[in-house]
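Engineer: Given the coordinates of chain S, work out where chain W should sit on it, guided by the hints.
Chains as they are written, first to last, in numbering that gives the first Met the number 0: chain S, 0 to 324; chain W, 0 to 524.
Among these hints, one or two may not hold up.
Take a look, some chain S residues computed to stay more than 10 Å from chain W by CB distance [stated by the list, open to error]:
{"#": "1", "residue": "Tyr-7"}
{"#": "2", "residue": "Arg-11"}
{"#": "3", "residue": "Val-24"}
{"#": "4", "residue": "Asp-39"}
{"#": "5", "residue": "Met-90"}
{"#": "6", "residue": "Ile-157"}
{"#": "7", "residue": "Ser-161"}
{"#": "8", "residue": "Met-172"}
{"#": "9", "residue": "Val-175"}
{"#": "10", "residue": "Ala-213"}
{"#": "11", "residue": "Gly-235"}
{"#": "12", "residue": "Arg-236"}
{"#": "13", "residue": "Val-258"}
{"#": "14", "residue": "Val-302"}
Label pairs and their computed distance ranges (CB to CB) [claimed, not checked]:
{"#": "15", "chain 1": "S", "residue 1": "Leu-100", "chain 2": "W", "residue 2": "Asn-302", "range": "43 to 53 Å"}
{"#": "16", "chain 1": "W", "residue 1": "Asp-94", "chain 2": "S", "residue 2": "Arg-6", "range": "50 to 60 Å"}
{"#": "17", "chain 1": "W", "residue 1": "Val-310", "chain 2": "S", "residue 2": "Ala-33", "range": "52 to 62 Å"}
{"#": "18", "chain 1": "W", "residue 1": "Gly-207", "chain 2": "S", "residue 2": "Ile-162", "range": "33 to 43 Å"}
Worth flagging that the hints you see were computed from the coordinates, not collected in a lab.
C-beta: ideal position from N, C-alpha, C; glycine also.
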Amino acid sequence: MPNARLRYVARRIVQAIPILLAIVVLNFCLLKLAPGDAVDVLAGEAGSATPEYMAELRAKFGLDQPLPVQLVRYVGQIATGDFGYSFRHEMPVWDLIVDRLGPTAILMVTTIVLAVGVGVLLGLLAAVNLNTWKDSVISILALVSYATPLFWVGLMLIVVFSINLGWFPTSGMENVAAFYEGWDRVWDIAHHLVLPAITLSLFYLALYTRLMRASMLEQAGMDYVTTARAKGVKEGRITFKHILRNALLPVLTMAGVQVSAMIGGSVIVETVFGWPGLGQLAFESLFARDLNLLLGIFFLSAVLVLVVNLLVDILYTFLDPRIEL
Amino acid sequence: MLAAAGIAASLVALPASAQESGGTLVMVTQPEPPNLAPYISTSGPIGQVASKVYEGLVNIGPDFEILPSLAKSWEISDDGLTYTFSLQEGVTWHDGEPFTSADVQFGIMDVLREVHPRGGSLLQVIESVDTPDDLTAVLNLSEPAPYLLVALNGYESPIVAKHIFDGTDIRGNETANAPIGTGPFKFVEWQKGQYVRMDKNEDYWQDGKPYLDRVVVRFIADAATRTAAMESEEVLLGGFGAIPNIDVPALEELPYLEATTEGYGYFAPMMQLQFNTSKAPYDNEKVRQAIAYAVDRDFVVENIWFGFGKVATGPISSLFEPTGLYTTDGVIDYTVDDRIEKANALLDEAGYPRGDNGIRFSMVHDMTPYGEEWRRFGEYVKQALGEVGIAVDLRYEDVATWLKRVYTDYDYEMSSNWLFGLPDPVIGVHRQFHSDQIRQGTVFVNGMLWSTPEMDALMDKAKTENDPAARAELYKEFQQVVTEAAPVIFMHEMEFVTVYNTKLHDVVTGPLGIYNNFADMWMEQ
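This is chain S alone, in the form it adopts within the complex (with noise of 0.2 Å):
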């Protein structure tokens, strides 16, 4: 069996390289249909610029050169693992997505946990207590927090807590008047997690809610329920053993996709918070035409989506002893 699966993972990831080659080529030519290049941007920012300026820029950024000649190059750089260089920082495109993982790893990964955890707990408490004013409130909140616009969440959160109560800071991931150390400098960022993460796992955590409740809904109507209730199973065995068991399986599925989607951060939430994530940083190269850098992390983005549902479906045949890989 190991060695099925490893088998298994080698060939995955031989048929992940012409997916990543077939990704590059064709986020390239989409971000090529754009009009307008990193210089007009730049030259724009600047307020005037002389042509022979311009035209140096273009020549020293490489956008002087055909089109499938910038294409070969980009993908033989990107082929060495070079992510090449954003000429509108001034600093190699790794460097900058590095410095953003760490910010858009607390806030995702604290986010995920807190709307997979307690999404799935509500779901159960619902689904368990079918019908009763328990289920109608939570699927009333999940509908409610799912239906607010996440931007008016942040602020709304911001004017109680930051503004009128003063318990939480309105944005940013430290006190930039303090510059605290050591453990300190953990608790003061875990201060400013509080607001962006509780914004950005209510929207998910409601939609974790209404899969799990369904999930559980659909598994305790099976034949195997009717099996284990007539062979005079305990409910409660019931329920934790084998429906919740196999009630999980889509909610798995379901974090799988989200987690993939996790480096892309959240341009919203980060942006109302002040959350220096990613999302945030290829929000803005897209507007400014930072080819390199937007090109950097949608590679970056379609490398993790691939790592993740690799493990998702590894995860499957441990929960499901079914499922053959």
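Structural biologist: Structure of chain W alone, referenced to chain S:
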């Protein structure tokens, strides 16, 4: 609209309150600068941050008077061709190396003239820089340049260190993200997406300054959050649109916040509508004038820009009044009471009578992609021109697309826009109207494709005229002819707001506003 007393207090240091040392200033800048290399970009956010680290030869006082900075004093020869600067003694770079005239020579000739976006045209007149000794720099000019001195300030022409840049690829120098200057604050670190931290320069050449221990510039992408951060006192200062105009009245009511529109004189931003004058019917002066009459500037300032702005009269901002270059004498007034009748009459004369449906012709109006006000302004233009029989369709694109459309493809009819007037018409105004500024692919120059020998001659003369009275006369005629020809409709002089916590003092000390070096700012402890 804004508290006049607050402005006065911030401009004039009251003798009763002695400056106190210490404190961390947290300011917010929007958007985050792409890098901190003011010698390769004049981008606003870069200037707001880097001006604390880099300095220029001179600084600019409240009435545009030229003040010493790295240059202690200067002499200009009678023919206006030689500028001799005596430099401050005992100035060191943040890495400990001494600052000398060699830095001035290298900074101007090899950095600013070569890679600065405006340096190539602005400093072109400087043929060479002589360094007779370490503390004297002599600029030799090819022709008189009345606009030169003001352009040598720290935001426009930052002096960089020769020992760091010499022999390197200047544009790709490693200090692009970690500047080393002579200014009152030393760069410490930049956490991209979060903040730039700068600490007090203990060896600053002005004794006792700066007063602040630290300046931290934060970046928060969301406007509502920036406002909230001001309100919760996490941030003490924000300007140049960092705090949206619409939020200013509410913030001003808080006892600990103050707002001022002072400190933008250097930029003299002008809001305008511009035509592609190569396209019919916009090649017709009467059509352009009619549209200039049809828009109600007062309405736009009051209702779309929330009162922040002053109705413009011509290409030169009224902020230039102290310099004598601004005039309304003989300039067409497009704000007269019977402007709608005039507009209709002009369009009839131009040969565009109303059709059966009341429409004369239709156009696509491109809106500047800088945010909500510009959209609302576009909607207003559609309505206002509809009244005189011009059917308007609106188009809103992203910045890169719009810039390419207007300045590379010239594929537009009429676009809104805004440009800095900058502290001399040669720097900010000529670029839009001189025929040698029709430069395809270069942004914020003559995108109207406008060209008349008469206007070119006026600008050429004014560029080298050192006598203030003669220069004023030339610009008077210039303002008259540009306003009559109307390749651009001058809408209003835009006003920006700086919001600051009342703990801070001497926040705005001149027309450079928050682009100043903050050496004089202090904070109540």
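Engineer: Just double-check Asp-39 of chain S for me: nearest Cβ-Cβ distance to chain W has to come out over 10 Å.
Structural biologist: violated, 5 Å
Engineer: For Val-24 of chain S, is the shortest CB-to-CB distance to chain W above 10 Å, so the non-interface label stands?
Structural biologist: About 22 Å separates Val-24 of chain S from the closest Cβ of chain W, which puts it past 10 Å; holds.
Engineer: So Ile-157 of chain S supposedly isn't at the interface. Is its beta-carbon more than 10 Å from every beta-carbon in chain W?
Structural biologist: Not fine: 5 Å to the nearest Cβ puts Ile-157 of chain S too close to chain W.
Engineer: Once the closest CB in chain W is found, is it more than 10 Å from Val-175 of chain S?
Structural biologist: violated, 5 Å
Engineer: Does Ala-213 of chain S sit more than 10 Å from chain W, CB to CB?
Structural biologist: holds, 35 Å
Engineer: Just tell me: holds or violated, for the beta carbon distance of Leu-100 of chain S and Asn-302 of chain W against 43 to 53 Å?
Structural biologist: holds, 46 Å
Engineer: Was Tyr-7 of chain S rightly flagged as not at the interface, with every chain W Cβ beyond 10 Å?
Structural biologist: holds, 39 Å
Engineer: Has the hinted range 50 to 60 Å been met by the Cβ atoms of Asp-94 of chain W and Arg-6 of chain S?
Structural biologist: Holds, since Asp-94 of chain W and Arg-6 of chain S (Cβ atoms, about 58 Å apart) stay within the stated range.
Engineer: Holds or violated: 33 to 43 Å for the Cβ distance of Gly-207 of chain W and Ile-162 of chain S?
Structural biologist: holds, 37 Å
Engineer: Closest CB-CB distance from Ser-161 of chain S to chain W, is it above 10 Å?
Structural biologist: Since the minimum Cβ distance to chain W is about 5 Å, Ser-161 of chain S lies within 10 Å and the statement is violated.
Engineer: Can we trust that Arg-11 of chain S is non-interface, i.e. its beta-carbon lies farther than 10 Å from all of chain W?
Structural biologist: holds, 34 Å
Engineer: So is Gly-235 of chain S really clear of chain W, every C-beta pair being over 10 Å apart?
Structural biologist: The claim stands: Gly-235 of chain S keeps its Cβ more than 10 Å from every Cβ of chain W (closest is about 47 Å).
Comparing the model with each earlier hint shows violations of hints 4, 5, 6, 7, 8, 9, 17; every other hint is respected.
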